[in-house]
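Undergrad: Given next are the chains, with one letter for each unit.
Protein chains: 2
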Amino acid sequence: MLKFDKEKTLENVKGALALRPEINAVVDEINTNGYSNVMWLGIGGTYASAMQVVVHMKERSAIETFYENAAEYLTTGNRRVTDKTLVVLSSVSGSTEEIVEAVEKIKKEVGATILGFIDNDQAPLASMVTHLISYPTDEQLKFFMVADRLMYLAGEFPDYDEFYKEMDEHFANDIVNVEESADAFGLQFAEKHHEDDIHYFVGAGNQWGATYSYAMCYWEEQHWLKTKSIEAPEFFHGMFEIVERDTPVTVYVGEDSQRSLSERVANFLPQICGNYTVIDSKEYDLPGISEKYRGTLSPFIFHAINNRIDAHIEHINRHPMDIRRYYRQLQY
Amino acid sequence: MLKFDKEKTLENVKGALALRPEINAVVDEINTNGYSNVMWLGIGGTYASAMQVVVHMKERSAIETFYENAAEYLTTGNRRVTDKTLVVLSSVSGSTEEIVEAVEKIKKEVGATILGFIDNDQAPLASMVTHLISYPTDEQLKFFMVADRLMYLAGEFPDYDEFYKEMDEHFANDIVNVEESADAFGLQFAEKHHEDDIHYFVGAGNQWGATYSYAMCYWEEQHWLKTKSIEAPEFFHGMFEIVERDTPVTVYVGEDSQRSLSERVANFLPQICGNYTVIDSKEYDLPGISEKYRGTLSPFIFHAINNRIDAHIEHINRHPMDIRRYYRQLQY
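The listed protein sequences correspond, in order, to chains B and V. Counted from 1, the first sequence has number 257 at position 257 by this note's numbering; the numbering is strictly sequential. Counted from 1, the second sequence has number 1119 at position 119 by this note's numbering; the numbering is strictly sequential.
Treat the hints as calculated values from the structure; they're not laboratory data. Errors might be hidden in some of the hints.
Calculated pairs, SDA-like style, for lysine to any residue (alpha carbon to alpha carbon, straight line, at most 25 Å) [to be verified]: (1) V:Lys1108 to B:Glu64; (2) V:Lys1105 to B:Ile63; (3) V:Lys1108 to B:Arg80; (4) B:Lys108 to V:Ala1062; (5) B:Lys292 to V:Arg1079; (6) V:Lys1084 to B:Val54; (7) V:Lys1108 to V:Phe1066; (8) V:Lys1107 to B:Lys282; (9) B:Lys105 to V:Ser1260; (10) B:Lys292 to V:Thr1075; (11) B:Lys108 to V:Glu1059; (12) V:Lys1105 to B:Lys108; (13) B:Lys108 to V:Ser1061; (14) B:Lys107 to V:Arg1079; (15) B:Lys282 to V:Thr1075; (16) B:Lys84 to V:Glu1064; (17) V:Lys1084 to B:Lys105; (18) B:Lys107 to V:Glu1064; (19) V:Lys1084 to B:Lys107.
Simulated DEER-style distance windows between Cβ atoms [claimed, not checked]: (20) B:Gly274 to V:Lys1008: 42 to 48 Å; (21) V:Gln1331 to B:His315: 40 to 46 Å; (22) V:Gly1015 to B:Thr137: 53 to 59 Å; (23) B:Lys107 to V:Gln1271: 30 to 36 Å.
This one's a predicted model, so the numbers in the text were calculated from it and none came from an experiment. Ideal placement from N, C-alpha and C gives every residue a C-beta, glycine not left out.
Using the sequences and the hints, build the whole thing.
TA: Below, the structure written as structure tokens:
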């Protein structure tokens, strides 16, 4: 299977899940000291992950939590952020300019507690955060583990132990098997859409952030294919007027609280479009995981499927995904 | 001048500004009774206006305020919304399904105070809100007047009276003159871009919501032209990789706190693109308005300019902007 190392992927996910005691030690301490709200700070792909975890929390929690774009924080600021705020961020390189500057500003002006998932623990950013956890891959899972612990401690996630028992026992194997089983679909999808003039991606709920970033950080940035992403309920408030018979539209239908919003798009599309794809997380098994937790895990299913699409588009287009024409190539 | 009734526009803006005593009576009462946070509820165009007012408030305020998509509120809910919340919304028709249902849910489950700007005061929605203000046009101005009064009462806008003295004396005339003076530009822009395969719009700060809705609710919904809108800082985190010599890109450069983010895009574009347009609010006079207030008013300048673009695209394309192929035409 193209660009797929089953053992390595399995090891990555298991390693991320094994971070939980380390994450909990930090979160429990923060909770004991008290905090007023939680800001998820990001830009580009990490901004998108921040959007996802905020929706995830909103499903259960009364904790004040919001996402913030690092560049916007640097200019407009956010007066809800104080020394009682918990800031959570993630950075692979530890060198993203806006994130580094935002952390400097938070430390200098506010003194909030900062939990940073920074893969490169040699980056200066790694020594700037209050609490550092350094482990490559699985950003969304790390964010969800922080959110879940916060909600557990707030009494909003009574079945936390039950959920993570299932996760520890089954999730890594399940999600790797999803990726494997999605390969034929990924090839078929790539063959059909690798030359699209523009591709529309529709998502909702905890998949909206991932829909936004898959379109932008993968198709635009890495495949150099034009896209537009749209939140499912917004599709009906303007965007759909440009959809015609041959317009390529993909809808992610997850199993979280906003499933009905994506289903509405999926159910409507056949009336006006002959080139649509519905990707429904329900079609993929997660043995050992209870039905009630599948909504939380839908984005991971979609991520595994998208990986297969990417591998095949990359090969068909002979366009290595590592090439950038502008990003970190030019001055801006 | 095409599709421009100067006297009528002037009268509309003056009428909106004259709502201030009515708005303040409501807001002052809510403030006296106490509120914990402010939710701006919308969908489509009104969702975009909600985004704008939240950025406007973040520039000055420590009040907890956020925007919420009505469809997402109906599914995921928002536990920050309680009987101490002030909900603000706007609806022209009063019949937007998601807004009506969200108001029903808020009344039934939460009992928050709801201030509704509902143009059609005969719509059932008009009798469902706690406080009704009914006046056509100028939604953004109405939202800003609510926000400004809240911030004034919280001690965050000490020069409120000074600002509104200038607004009452000069804004209506100024903004109508901006629209008139932008007509030649609007024609030239429309002639160049009325057949674009796709047009990219970049915005930031209090113009981001308007950038999103101008692209979606005008070009897509009313002109049936493809667009993508992007927040200025996000442009550099993926999207820009698909920009080439002939890609049409328009950047709104306003004078609010995030001006530098849009400027960065405007300054970079000439390196990679030969088909870009920078629309800078600074190029338009607002006589009688102090420099320090121009940031707040930038979105109104852009709105006036966009009106001219629309009038000319509509005529050149012979595509009346009132036509919808799907919206409220089909079942979905």
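Undergrad: Looking back at the numbered hints, which does the structure fail to meet, lowest number first?
TA: Of the numbered hints, 3, 8, 12, 14, 17, 19 do not hold.
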